[in-house]
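Now for the letters of each chain:
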Amino acid sequence: MTRYVKMEDGNSLTISEMLNSIERYNLDHLKEIEDYVEEQARENTYDLEANLAVLKLYQFNPHMMDLEITYLILLKSLTNLPHTDFVLAKCLLLPVQMQDNTIREIIYLADILEQCDFQLFWDRVEMNPSLFSRIVGFYDSIRKFVCHVVGITFQTVEKSLLSKLLGGLDDGTLNQWIKRSGWKVQGHMVFVASQDENIKTKNITEKIEFDTLAGLMASMM
Amino acid sequence: MYTNDEYGGPDYYDDYGHTGDPHLDMEYERAYYSNRMPENVKTFILNFRAAINEGVMFDIQNMYENTFPQLSDHHFDKSAWPDETEVGPLVDNDKVFMILYKELYYRHIHARIPGGPKLEQRINSFFNYCDFFNLILSSKKPVLLELPDIWLWELVDEFVYQFQNFAQYRARLTDKTQEEMEQLLNNNSNVWNILCILNVLHSLVDISNIKQQLEVETNGGDPATVAGEFGSQSLYKMLGYFSLVSLLRVHSLLGDYYQAIKVLEPIEIHKKSQYSHIPACQISTSYYVGFAYMMMRRYADAIRTFSSILLYIQRTKQLYSARSYQNDQINKQTDQMYHLLAICLVLHPQCIDESIQQVLRDKNYHDNMCKMQCGDLDAFKSFFIFACPKFVSPCPPPADAPFEDYVKDAMEHQLQVFMDEVNQQKDLPTIRSYLKLYTTLPLGKLAAFMDQSANEADPREIANLMIHLLCFKHKMKNIVWTKGSSGLEGKFQSGSELDFYIDNDMIHIADTKVAHRYGDFFIRKIVKFDDLNRRLHNINIK
Numbered sequence: 001m002t003r004y005v006k007m008e009d010g011n012s013l014t015i016s017e018m019l020n021s022i023e024r025y026n027l028d029h030l031k032e033i034e035d036y037v038e039e040q041a042r043e044n045t046y047d048l049e050a051n052l053a054v055l056k057l058y059q060f061n062p063h064m065m066d067l068e069i070t071y072l073i074l075l076k077s078l079t080n081l082p083h084t085d086f087v088l089a090k091c092l093l094l095p096v097q098m099q100d101n102t103i104r105e106i107i108y109l110a111d112i113l114e115q116c117d118f119q120l121f122w123d124r125v126e127m128n129p130s131l132f133s134r135i136v137g138f139y140d141s142i143r144k145f146v147c148h149v150v151g152i153t154f155q156t157v158e159k160s161l162l163s164k165l166l167g168g169l170d171d172g173t174l175n176q177w178i179k180r181s182g183w184k185v186q187g188h189m190v191f192v193a194s195q196d197e198n199i200k201t202k203n204i205t206e207k208i209e210f211d212t213l214a215g216l217m218a219s220m221m
Numbered sequence: 001m002y003t004n005d006e007y008g009g010p011d012y013y014d015d016y017g018h019t020g021d022p023h024l025d026m027e028y029e030r031a032y033y034s035n036r037m038p039e040n041v042k043t044f045i046l047n048f049r050a051a052i053n054e055g056v057m058f059d060i061q062n063m064y065e066n067t068f069p070q071l072s073d074h075h076f077d078k079s080a081w082p083d084e085t086e087v088g089p090l091v092d093n094d095k096v097f098m099i100l101y102k103e104l105y106y107r108h109i110h111a112r113i114p115g116g117p118k119l120e121q122r123i124n125s126f127f128n129y130c131d132f133f134n135l136i137l138s139s140k141k142p143v144l145l146e147l148p149d150i151w152l153w154e155l156v157d158e159f160v161y162q163f164q165n166f167a168q169y170r171a172r173l174t175d176k177t178q179e180e181m182e183q184l185l186n187n188n189s190n191v192w193n194i195l196c197i198l199n200v201l202h203s204l205v206d207i208s209n210i211k212q213q214l215e216v217e218t219n220g221g222d223p224a225t226v227a228g229e230f231g232s233q234s235l236y237k238m239l240g241y242f243s244l245v246s247l248l249r250v251h252s253l254l255g256d257y258y259q260a261i262k263v264l265e266p267i268e269i270h271k272k273s274q275y276s277h278i279p280a281c282q283i284s285t286s287y288y289v290g291f292a293y294m295m296m297r298r299y300a301d302a303i304r305t306f307s308s309i310l311l312y313i314q315r316t317k318q319l320y321s322a323r324s325y326q327n328d329q330i331n332k333q334t335d336q337m338y339h340l341l342a343i344c345l346v347l348h349p350q351c352i353d354e355s356i357q358q359v360l361r362d363k364n365y366h367d368n369m370c371k372m373q374c375g376d377l378d379a380f381k382s383f384f385i386f387a388c389p390k391f392v393s394p395c396p397p398p399a400d401a402p403f404e405d406y407v408k409d410a411m412e413h414q415l416q417v418f419m420d421e422v423n424q425q426k427d428l429p430t431i432r433s434y435l436k437l438y439t440t441l442p443l444g445k446l447a448a449f450m451d452q453s454a455n456e457a458d459p460r461e462i463a464n465l466m467i468h469l470l471c472f473k474h475k476m477k478n479i480v481w482t483k484g485s486s487g488l489e490g491k492f493q494s495g496s497e498l499d500f501y502i503d504n505d506m507i508h509i510a511d512t513k514v515a516h517r518y519g520d521f522f523i524r525k526i527v528k529f530d531d532l533n534r535r536l537h538n539i540n541i542k
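If you read the protein sequences in the order shown, they are chains C and Y.
Start counting the first sequence at 1; every next residue gets the next number (full-length UniProt numbering).
Start counting the second sequence at 1; every next residue gets the next number (full-length UniProt numbering).
Honestly, the hints are just simulated from the structure, not real lab data.
All values derive from a computational prediction rather than experimental measurement.
Glycine is no exception: its CB is placed at the ideal position from the N, C-alpha and C atoms.
Misleading hints may appear alongside valid ones.
From chain Y, some residues computed to sit far from chain C (all C-beta separations above 12 Å) [said to hold, decoys possible]:
{"hint": "1", "residue": "72"}
{"hint": "2", "residue": "282"}
{"hint": "3", "residue": "360"}
{"hint": "4", "residue": "475"}
{"hint": "5", "residue": "500"}
Each computed DSSO-like pair below joins lysine-lysine, with the alpha-carbon atoms no more than 30 Å apart [what the hints assert, rightly or not]:
{"hint": "6", "chain 1": "C", "residue 1": "56", "chain 2": "C", "residue 2": "184"}
{"hint": "7", "chain 1": "Y", "residue 1": "445", "chain 2": "Y", "residue 2": "408"}
{"hint": "8", "chain 1": "C", "residue 1": "184", "chain 2": "C", "residue 2": "202"}
{"hint": "9", "chain 1": "Y", "residue 1": "390", "chain 2": "Y", "residue 2": "445"}
{"hint": "10", "chain 1": "C", "residue 1": "207", "chain 2": "Y", "residue 2": "426"}
{"hint": "11", "chain 1": "C", "residue 1": "202", "chain 2": "Y", "residue 2": "271"}
{"hint": "12", "chain 1": "Y", "residue 1": "445", "chain 2": "C", "residue 2": "164"}
{"hint": "13", "chain 1": "Y", "residue 1": "42", "chain 2": "C", "residue 2": "56"}
{"hint": "14", "chain 1": "Y", "residue 1": "390", "chain 2": "C", "residue 2": "200"}
{"hint": "15", "chain 1": "Y", "residue 1": "118", "chain 2": "Y", "residue 2": "42"}
{"hint": "16", "chain 1": "Y", "residue 1": "140", "chain 2": "Y", "residue 2": "211"}
{"hint": "17", "chain 1": "C", "residue 1": "202", "chain 2": "Y", "residue 2": "445"}
{"hint": "18", "chain 1": "Y", "residue 1": "42", "chain 2": "C", "residue 2": "144"}
{"hint": "19", "chain 1": "Y", "residue 1": "436", "chain 2": "Y", "residue 2": "332"}
{"hint": "20", "chain 1": "C", "residue 1": "179", "chain 2": "Y", "residue 2": "513"}
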């Protein structure tokens, strides 16, 4: 569904048109973009630019800052890993936001995700599930990120390790993820991809052809 | 507009009985100079006005770039130029000329007066910029004014600089008197306001159709077809272009790296164009773009951006050797970029141009890069603090904030975000140094290396190592720009020199081996001998 924002002159712009103009700083539109953030959480969609625009409006108008919306924006940005959206959002936070305990917890979670300590992440998430239930598809988005990291790291990996990295999935669900990623089960191992084709030692040698020097030499004569 | 009277005449000061008050000193200075405005200064002002009114570009540029700084050095080294009350009558209160003169007048105060400008001067300078932009923007027909591009660049750049400087001044509550605080809170909450700055820059971009012009140009068309009435004038076109670059800077100062790169979308940063003839603008663009990339963990892009501009600077170095206000800024930014490049290369080792590498072999860089590789966080911090932009908070401290110094808050926050990133990566250089020695290495063996105490690594350590290896792969695979004019777009690539994959419990390592390069060496020698040869031929023995 495309959202429209009413302008003072009676015209309507789409959110992305509005964000491309000076109107992005107009506080009158804050509510509209905040609703849009909630919609993203509900409907598992994502719009980084709009979310950053909300944080920027908070930065310019600290009295309008809404912690609940901030949580949503930060958690949503984690669903877009391996992109660095979380860092972009973090750079815009105000001191009061940085002091909030829930935000600190989210930053901590981002930290362990960025360090790829996935088992610790899943343990930690279990302690506070209500925080994540507001983001539809949160866990699967994180699993997608885990699969991305596994996919670039392994040629073959133990199935049991894979299961732990993905948050202790049962065999049926694990097999679905393996299938979806295009991997193959081989006994207790999982074949991910043949990496030796992509990851090869590179030799950089300097090649100087006579032709490239011809001009230089001619000018020296 | 504020005049001196509103801030109180002599009575005002008598009440408080200040002696040695800076305002009074200024008053005295002014009296001193009004009696004796040096003759050559007077002539300069008259000639300058004539040149501007007649639009003699060569003369304007010469007076702007040479005569004004010379006279500043000679007569006004640590003092202000004559103010408007003295200059006005001299030039029949020529409105446009007075705005331009005051732009230079306040810029000079910002640059040269020890202790910086007074609040009143900051305010007046702001209103003078407003006058200038109003003149340009609210006219129904394009204003027929021609100024050298260098002036236009420095004007817009200075506008952003004074905003940044004011934001920092505003955040320092420790050195303000009660009166100054009241003035700031009550009368001047809109002065140097962020929205105002953004508004001006956006308006200049819009009126000049610069985005459309750049897009058409990229596609090989003629920009004049979309320039419109205003945008076809050089004044508007260049102001539009410089505003894009200034928006990059403003967003960077606020920590909004996404917008920073996004505003530049119509500009192809890596291409030379008709707009790239102002070195300071080129260099500043690359500095902020590279910095934003670094913060977004796009190290390959940051390294490419820095190397390419640093090479350009190396090749045109002789232009910046003379000491001038312009070159000081360029040299500072060059230094900062070498620092940032050093950080990026520690986090993301990769091959760069030999002549840039040569500079980084210098002791200061070399030692600190070694420290950073060994996980010395203070080395990262000090490099970052030296090289980062002067971050600002868009809002002043709240009215009820304790009287403290908040200037560093914005920088501390960005530093924290950056250091969090560094911390996440702190074990990677150690792992890299071990991997470099092998082509294959069992997980257990590497785990034992990492934990130097044990001979046999236990499963817990291997699991721990596994986390680091996953992290290594994740952090070294980043978005890299490949094509198109949007600097935000790109593809995931592993551009670092060392890569690996894990096959069950065996690590397979791929390194980049660079054979010794001799071409460059020979070219240098050839040129040297050629030079020598030519000199020998030219010797005339009589």
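What hints, given by number in increasing order, does this structure fail? Hints 4, 5, 6, 7, 9, 10, 13, 14, 18, 19 and 20 are the ones this structure does not satisfy, whereas the remaining hints hold.
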